[in-house]
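These protein sequences, in sequence, are chains A and D. Taking the numbering used here, the leading residue of the first sequence gets 1, the next gets one more, and so forth. Taking the numbering used here, the leading residue of the second sequence gets 113, the next gets one more, and so forth.
No lab work stands behind these hints, which were simulated from the structure alone. Quick caveat: nothing in here was measured; it's all calculated off a predicted structure. Treat each hint with caution, since some may be false.
As the list claims (entries may be wrong) - From chain D, some residues computed to sit far from chain A (all C-beta separations above 12 Å):
#, residue
1, Pro120
2, Glu160
3, Arg167
4, Phe176
5, Arg185
6, Glu187
As the list claims (entries may be wrong) - Just some of the chain D residues that point at chain A, by a computed CB distance under 7 Å:
#, residue
7, Phe157
8, Gly210
9, Ser218
10, Leu222
Unchecked claim - Quick list of in silico lysine-lysine cross-link-like pairs, DSS-like style, CA-CA up to 30 Å:
#, chain 1, residue 1, chain 2, residue 2
11, D, Lys125, A, Lys3
12, A, Lys69, A, Lys3
13, D, Lys125, D, Lys169
14, D, Lys169, A, Lys69
Every residue, glycine too, gets a C-beta built ideally from N, C-alpha and C.
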Amino acid sequence: DAKTTQPNSMESNEEEPVHLPCNHSTISGTDYIHWYRQLPSQGPEYVIHGLTSNVNNRMASLAIAEDRKSSTLILHRATLRDAAVYYCILMLGGTSYGKLTFGQGTILTVHP
Amino acid sequence: KAGVTQTPRYLIKTRGQQVTLSCSPISGHRSVSWYQQTPGQGLQFLFEYFSETQRNKGNFPGRFSGRQFSNSRSEMNVSTLELGDSALYLCASSLEDGIYGYTFGSGTRLTVV
Numbered sequence: 001d002a003k004t005t006q007p008n009s010m011e012s013n014e015e016e017p018v019h020l021p022c023n024h025s026t027i028s029g030t031d032y033i034h035w036y037r038q039l040p041s042q043g044p045e046y047v048i049h050g051l052t053s054n055v056n057n058r059m060a061s062l063a064i065a066e067d068r069k070s071s072t073l074i075l076h077r078a079t080l081r082d083a084a085v086y087y088c089i090l091m092l093g094g095t096s097y098g099k100l101t102f103g104q105g106t107i108l109t110v111h112p
Numbered sequence: 113k114a115g116v117t118q119t120p121r122y123l124i125k126t127r128g129q130q131v132t133l134s135c136s137p138i139s140g141h142r143s144v145s146w147y148q149q150t151p152g153q154g155l156q157f158l159f160e161y162f163s164e165t166q167r168n169k170g171n172f173p174g175r176f177s178g179r180q181f182s183n184s185r186s187e188m189n190v191s192t193l194e195l196g197d198s199a200l201y202l203c204a205s206s207l208e209d210g211i212y213g214y215t216f217g218s219g220t221r222l223t224v225v
């Protein structure tokens, strides 16, 4: 499985934007970039995914570098409920068969 | 729509016993995956089922097994429980290939004493 590298932790203030980086220099052409987050005492939650182009949804935006070797999850206005562990995961399109390889993720702390 | 439902939420078992955990996926989702989460190892993939067939398996001993029924509900079984099996067991469901994301349940917290 291709590997991702994320900072261990990041901090933000409430209502400020948060940019969570992820490096994936060994990404292959068919790997999708997925982001999940896990709030305390809950299962992981899907946030967003992309292949080559930047993506937006109601939760966040995903900015993908032109060479696809890195990506950034953007939370436009952090709230206290966004405090969680954020995982950047590469998923081989069509043949992952349920397997998501979770790393250590980034622990996001949001200050009021 | 209803989310992924895992039962029971909490379970305490004795070493050497066996345990069965249940997962009901989102309606229409045919793929069900299982994960083990521990503080030391993080989230690790156990196996995945699609249309009652195991399509993928992680690196766990044979004591860990699963199955899927025709209505896509899934069960996982752990036999001869060890202390190290204490963990949060998570189930996730998706449409066929998971490209659009997996939906996780809240998990079953298993404690082996």
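Structure-based check of all given hints:
no.: 1; hint: Pro120; result: 15 Å, holds
no.: 2; hint: Glu160; result: 3 Å, violated
no.: 3; hint: Arg167; result: 4 Å, violated
no.: 4; hint: Phe176; result: 15 Å, holds
no.: 5; hint: Arg185; result: 15 Å, holds
no.: 6; hint: Glu187; result: 16 Å, holds
no.: 7; hint: Phe157; result: 5 Å, holds
no.: 8; hint: Gly210; result: 6 Å, holds
no.: 9; hint: Ser218; result: 5 Å, holds
no.: 10; hint: Leu222; result: 15 Å, violated
no.: 11; hint: D:Lys125 x A:Lys3; result: 36 Å, violated
no.: 12; hint: A:Lys69 x A:Lys3; result: 11 Å, holds
no.: 13; hint: D:Lys125 x D:Lys169; result: 25 Å, holds
no.: 14; hint: D:Lys169 x A:Lys69; result: 28 Å, holds
Comparing the model with each earlier hint shows violations of hints 2, 3, 10 and 11; every other hint is respected.
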